[in-house]
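**Q** Chain by chain, the residues:
Protein chains: 2
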Amino acid sequence: MTTNTQVLLAETPRGKLDESHFEIRAGDVPPVADGQVLVRNVLLSIDAANRAWMQGATYKSAVEAGQVMHGYAIGEVVDTNSPAHSVGDVVAGELGWQEYAAMDAAQVRPVGDHRPLTHHHSVLGIAGITAYHGLLTLFGIDEGETLLVSAAAGSVGSLVGQIGKIKGAHVVGIAGGPEKCAWVVDELGFDACIDYKNERLSAALRERCPDGVDVYFDNVGGPILEAALFAMNLHGRISCCGAVSQYDSPSPTGPRGVPGLIVTKRLTLRGFIAMDFPEHDAAAIADLGAWAASGQLQVVEDVVGGLEHAPQALIGLLAGENRGKRMVRVGPDPA
Amino acid sequence: MTTNTQVLLAETPRGKLDESHFEIRAGDVPPVADGQVLVRNVLLSIDAANRAWMQGATYKSAVEAGQVMHGYAIGEVVDTNSPAHSVGDVVAGELGWQEYAAMDAAQVRPVGDHRPLTHHHSVLGIAGITAYHGLLTLFGIDEGETLLVSAAAGSVGSLVGQIGKIKGAHVVGIAGGPEKCAWVVDELGFDACIDYKNERLSAALRERCPDGVDVYFDNVGGPILEAALFAMNLHGRISCCGAVSQYDSPSPTGPRGVPGLIVTKRLTLRGFIAMDFPEHDAAAIADLGAWAASGQLQVVEDVVGGLEHAPQALIGLLAGENRGKRMVRVGPDPA
Chain A
96 MTTNTQVLLA ETPRGKLDES HFEIRAGDVP PVADGQVLVR NVLLSIDAAN RAWMQGATYK
156 SAVEAGQVMH GYAIGEVVDT NSPAHSVGDV VAGELGWQEY AAMDAAQVRP VGDHRPLTHH
216 HSVLGIAGIT AYHGLLTLFG IDEGETLLVS AAAGSVGSLV GQIGKIKGAH VVGIAGGPEK
276 CAWVVDELGF DACIDYKNER LSAALRERCP DGVDVYFDNV GGPILEAALF AMNLHGRISC
336 CGAVSQYDSP SPTGPRGVPG LIVTKRLTLR GFIAMDFPEH DAAAIADLGA WAASGQLQVV
396 EDVVGGLEHA PQALIGLLAG ENRGKRMVRV GPDPA
Chain B
96 MTTNTQVLLA ETPRGKLDES HFEIRAGDVP PVADGQVLVR NVLLSIDAAN RAWMQGATYK
156 SAVEAGQVMH GYAIGEVVDT NSPAHSVGDV VAGELGWQEY AAMDAAQVRP VGDHRPLTHH
216 HSVLGIAGIT AYHGLLTLFG IDEGETLLVS AAAGSVGSLV GQIGKIKGAH VVGIAGGPEK
276 CAWVVDELGF DACIDYKNER LSAALRERCP DGVDVYFDNV GGPILEAALF AMNLHGRISC
336 CGAVSQYDSP SPTGPRGVPG LIVTKRLTLR GFIAMDFPEH DAAAIADLGA WAASGQLQVV
396 EDVVGGLEHA PQALIGLLAG ENRGKRMVRV GPDPA
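Going down the list, the sequences are from chains A and B.
Positions 96 to 430 (the numbering used here) are the ones given, in order, by the first sequence.
Positions 96 to 430 (the numbering used here) are the ones given, in order, by the second sequence.
If you are wondering where the hints come from, they were derived from the structure by calculation, not from laboratory data.
Be careful, since some hints might not be right.
Identical copies carry no separate label here, and so any pair may be met within one copy or between two of them.
[As the list claims (entries may be wrong)] Straight line, CA to CA, 30 Å or less: simulated DSSO-like cross-link-like pairs of lysine-lysine:
#1 Lys262 x Lys292
#2 Lys360 x Lys155
#3 Lys292 x Lys155
#4 Lys111 x Lys360
#5 Lys275 x Lys111
#6 Lys360 x Lys262
#7 Lys275 x Lys155
Produce the entire structure from the sequences given, and follow the hints as far as they go.
**A** Here you go:
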């Protein structure tokens, strides 16, 4: 190891993200200070939140132009100056978009023994935890209730809908394009899927959710959230997980019906992120692992090869081209 | 009793409500069918919700043009064809904007022995119950937290802020005009009050809520809700009680920051109406009554004389001219 390929955010995007906002450079492998470990990046998680971080501080500080792109990743400890981790340990943390990261020992945590490693980003990782907590820990869903899920073919949405089916709900997805919608129904087992690119949302919601919507899992915000507000039942619950429709082109306004429909329908809207319920993580991972092992939950992964393709992987994810959990393979699995 | 003065909604308003939308007529005193009582209206509650009902179905059916205006009121039973109520009983229910109403026995309920009667509309009535449940039953507030209240001089807001002070919160109101703001601080005991007509909201919120906002009690929606979203703390709670800013001139859009700020700050927004927590009403009324009796809670009432002034009373309330609970005296208290 002599060089350290790194992807920088070259320029903060003002509108749509494109490759010109990134720069790839051959950096140096960082020194390993006392109390640190050197981690070789193996699998980089690609998330819509990566784009949100460019907008400014969110639940973490912003990524500034000139910095290595922030990103959650799984890697292998290849050098250590800390008793906490040994060479060969497989760990996860904010390694960033680079081949090697020097991390304080407390900034990384060992990943469990479960393999394939990719599952620690998908069903047992941020996607699974987000889906589980956002649906079950936040609100729960009862048998026979109607669950609506946007970005239904995405990493989180594809799991949310399947968990809804496991719990006996009537599950309706929203996705872009007829192929994706067919896949959501035929492969993932949703009861129906609305193609927001080719259908009138309000009419489609009335037809596909004839009993109204009890829980809406919102990954997108914008006009889809607005349409969902009008379709919600009395005492409906909205799990606010993200606003992917807003990251590339922030809307100057919010959805109609806020707060009018919230009051008259006595809705509850709650925002959350995956890390908010650490006391429930073990239960979530146990359930998710069991459902995946039994085949009740299909784990859909979309692994792009090569760190240099990370910018395009994110740009494509924001355009909705992925199915299931997207990640970038930076290097081979540890032996 | 030979005639029954009634105020009709003559025309559904499309924009700002004015007197031309109402019509006063000398109707007939209705017959009292089997199982019904005839109620003489004494005190009519004037609420922003009266305006919302003209927009269409909300939590109740819409008021249609040509109908007697809907309205909650307290009155005296003057004739009865039901064993449930006797002549002389004082009852409350949806009597409407008229002198006499024939009501099914189950549509009215006796009001308690507490006097003055006006308190059954204010501190022990819909205003007090709304304030109590929206602040304490929905979310609660802890000592030292910052509570922000819009429409702070209004019937509900004036009570919410005072309850917040009783619970040890730092309480900041929002009201229109310097006199109202001074009154909210000097007379009601709020820690501060922002004059939304003359101050820049975002700057004023930073100054008056230096530790951010933990609970926002929203009576108004619109730009004030938007500003509050930006001022909320992590895990902040927003009690969605009404959208008075939207009733006369519905906005085609909602507040910016929905859902982005809801996600990143992990906010909870909950809509409610006063009648949502019947199992907690007795506790609420006991607390409210005790606080009013001890003087910890000032009961502010704004009683307009004469049914014919009800339209102007509602129009003025929507313009924010009232302080405390507005009602219209339709007739003298029962002997």
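**Q** Does each hint fit the structure? Answer for all of them.
**A** Tested hints:
With identical chains, the CA atoms of Lys262 and Lys292 are at most 30 Å apart within one copy only, with a shortest distance of 29 Å there and 50 Å across copies. Taking CA atoms no more than 30 Å apart as the test, Lys360 paired with Lys155 passes between copies only; the shortest distance there is 11 Å, against 33 Å inside one copy. Proximity of Lys292 to Lys155 under the C-alpha cut-off of 30 Å is found in neither arrangement, the shortest distances being 32 Å within a copy and 35 Å between copies. Only between protomers do Lys111 and Lys360 lie at most 30 Å apart by alpha-carbon distance; the minimum there is 24 Å, versus 35 Å within a single protomer.
For the identical chains of this complex, Lys275 and Lys111 are intra-copy neighbours only, at 23 Å inside a copy versus 46 Å across copies, given an alpha-carbon limit of 30 Å. Taking the closest pair of Cα atoms, Lys360 and Lys262 come within 30 Å of each other both inside a single copy (24 Å) and across two copies (29 Å). Taking identical chains as interchangeable, the C-alpha atoms of Lys275 and Lys155 are never at most 30 Å apart, the minima being 32 Å within one chain and 40 Å between chains.
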